[in-house]
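Novice: Residues per chain, in single letters:
Protein chains: 2
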Amino acid sequence: MGFQNVLVAQSGGPTTAINATLAGVIKGALESERIEQIYGSLNGIEGVLHGRIIDIRRSIKSQADLKLLSVTPAMALGSCRFRLPKYENDPAIYKTIGDVFEKLQIGYFFYIGGNDSMDTAHKLSDYFAQTGRDIRVIGIPKTIDNDLPVTDHTPGFGCAAKYIATAMSEIIRDCEVYLVPSVTIVEIMGRNAGWLTAAAALPNAVGESAPHLVYLPEAPFDAEQFLEDVKEQQRKHKCVVVAVSEGVKNPDGTYAAETFQSGKVDAFGHKYLSGVGKYLETLVAEKIGCKVRSIELNVLQRCAAHIASKTDIDESVRIGAAAVDAALAGETGKFMMFRRVSDNPYAIKVETCEVALVANQEKVVPKEWINERGNHVTREVFTYLMPLIQGTCEIPLKDGLPVHFLFDKTLVAY
Amino acid sequence: MGFQNVLVAQSGGPTTAINATLAGVIKGALESERIEQIYGSLNGIEGVLHGRIIDIRRSIKSQADLKLLSVTPAMALGSCRFRLPKYENDPAIYKTIGDVFEKLQIGYFFYIGGNDSMDTAHKLSDYFAQTGRDIRVIGIPKTIDNDLPVTDHTPGFGCAAKYIATAMSEIIRDCEVYLVPSVTIVEIMGRNAGWLTAAAALPNAVGESAPHLVYLPEAPFDAEQFLEDVKEQQRKHKCVVVAVSEGVKNPDGTYAAETFQSGKVDAFGHKYLSGVGKYLETLVAEKIGCKVRSIELNVLQRCAAHIASKTDIDESVRIGAAAVDAALAGETGKFMMFRRVSDNPYAIKVETCEVALVANQEKVVPKEWINERGNHVTREVFTYLMPLIQGTCEIPLKDGLPVHFLFDKTLVAY
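So the sequences go chain by chain: A and B. For the first sequence, the positions run 1 to 414 when our numbering is used. For the second sequence, the positions run 415 to 828 when our numbering is used.
None of these hints come from the bench; they were simulated from the model. Heads up, a few of these hints could be off.
Claimed, not checked - Mimicking EDC-like on lysine to aspartate or glutamate, the simulated pairs with C-alpha atoms at most 16 Å apart in a straight line are:
#	chain 1	residue 1	chain 2	residue 2
1	B	K701	B	E794
2	B	K781	B	E768
3	B	K777	B	E642
4	A	K349	A	D314
5	B	K724	A	D399
6	B	K650	B	E695
7	A	K231	A	D152
8	A	K398	B	E622
9	A	K367	A	E380
10	B	K812	A	E208
11	A	K310	B	E622
12	A	K363	A	D152
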């Protein structure tokens, strides 16, 4: 029998629910009699490389602690944007990681992250298998973008979708107050996947006529056609509301907002996206000349825990705990996923698949969920999205402000 | 005895609580046996000028309707940005308004708005008094900016302050996740008054070290000093969080963001403010060169009903109902205000004063509530602010999304 200690880490961009998944892993580990120590690596795999490991039990002393952690936004263990090189390019880094795991007697490693993190989980599980170590590596998804394949949806997406849909409902009310015709453009995150922008259309599902236009990155974007679309909507609506993904692309494949951008890229070569809202605002002002404003929903999309989806938080805890069960059952090199059993009543099962199926893959909104004109979603999207935003979490408050869980970050000596 | 019908209207920028005040006026009117019809003017005083008047009773049929209206953001009767000219410059417009009031037998007019709207209330009450009409005009405050004098605070401010403080708490968590030093700049509304930006400091009151720097328009802003402040904070904190008011001004009195602005002005000659966050982001990137981002909290500050302050909503209803009582008691040309009786336990009284004292006046944050360096607030601010954000409202949901109250806008024939 191999080592019986657990190591868990978080990676990639923050979400509202990634700490709920961490809480699930901790819960699963605490409940198992086989597991001894529970360690957390600070700032993802970088914590392993730089000796920044904490003892989770120093901080988590009760069910109340776990519950508070599960509704604390962003990443309580910190994050990194580090991609593990291929083994043949840097065997030393694998040896360093292996040594740390050996010293800490890690038998189970849980990596909570997005596509890039799944690549790390894949490489590590291969390395441990090839070097004959019984260290089980499980990748657990998180991303507000919902762009991971195989799984029905990703933990963290439901909370972001709920914030966006709620904010849109309120922005729609705000838009209507004046008599003067206006155009309001709301820019939404999601990179190359339109899931979050589709969620901006949810007010339509409960009877709002707005948003009137919804542009996903999956449909080609054309500035001329956009202006025609706006003019057409203005014939029907005094206040036209537009939802647009940060990632919409011109017919030539360049990002629509590219001229407004700095051209900076992140550690993975992804372009920083922002500015399409401002760009379209300028277009409308110049070419149509009516009152126009753009709104960027910004980072609240990934951290607005005050309006978390209970479904998302509960599922995120569940998938974390299930990852521990899977590892204890002998699985490794696996990815935790949701399979939807039914839309109504909504039901999912938590399953596993090979993490290799997920690493570096993107799942986008299917073409048939976008209308023919490429300027709105079809109602099928709502059937998919609606269950994910249901339920309200109880958020602990102190003097009217949210209380968040913070780990004692005293490092473990080893 | 004069006419016994009520007319109510809303004016200026939207807030989360202005419909609560409308609900209070309607409640007060429904409860009085003396009041007969209750009319609403669409889009403020412009509805009177253009014959756009509705019968409130067509829509409000129950306490449940009033309750839903009170938690619906923005302005259910619509708004305007119209300043009534001086009588001597346009007597005809006063005659038009007087004729409509006569036809509709209006004895009581309630105008819910900000500084500019109080000017209209003042002019109309003078006009009615001078022409010997017993039409009682009461101005009721609303503004997220909290910049009206005499009253302890304005309805709508508490909700905005709560949204801002909550968003800041969550943004602080989001900022901390990476190891790389960073600066996050959050731009906040409030025009020339720093009340909302002061609310961004509330996380400090519950134990957060962030935000580390808080710039109010009441203190002169100097870009060089700002960069020094950031560098000083960077010696103590990996992630420096800055709250800055859209209205901060250079020592020469120009807006700090002016170079980033379009130069457009609104109907009252106020400059459109935006861009100071972007401006400071650029400054930090160029002069310090670390990771930096700016976040504009945007219109959610004035419409995020999903996280309304119960104190604000309840008080807003109360001040609306009290306005009806005041008018019935014979008052006119008055402004409804809160007088704070005690901080702890928090208690207010609703009183009246001359609306002339308020029209076109601004109340800003007192100098003694800003630190000597002009880069943060003192703790006295928290004693003032804390009671205003307390309490959580029950927000009716349908399929997980907020339900809003909409009036039947069938026009009254007269």
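Novice: Hint by hint, note whether the structure agrees.
Specialist: Hint check:
no. : hint               : in the structure
1   : B/K701 with B/E794 : violated (34 Å)
2   : B/K781 with B/E768 : violated (26 Å)
3   : B/K777 with B/E642 : violated (30 Å)
4   : A/K349 with A/D314 : holds (13 Å)
5   : B/K724 with A/D399 : holds (13 Å)
6   : B/K650 with B/E695 : violated (20 Å)
7   : A/K231 with A/D152 : violated (37 Å)
8   : A/K398 with B/E622 : holds (12 Å)
9   : A/K367 with A/E380 : holds (11 Å)
10  : B/K812 with A/E208 : holds (12 Å)
11  : A/K310 with B/E622 : violated (26 Å)
12  : A/K363 with A/D152 : holds (10 Å)
The structure fails to meet hints 1, 2, 3, 6, 7 and 11 from the earlier list, while all remaining hints are met.
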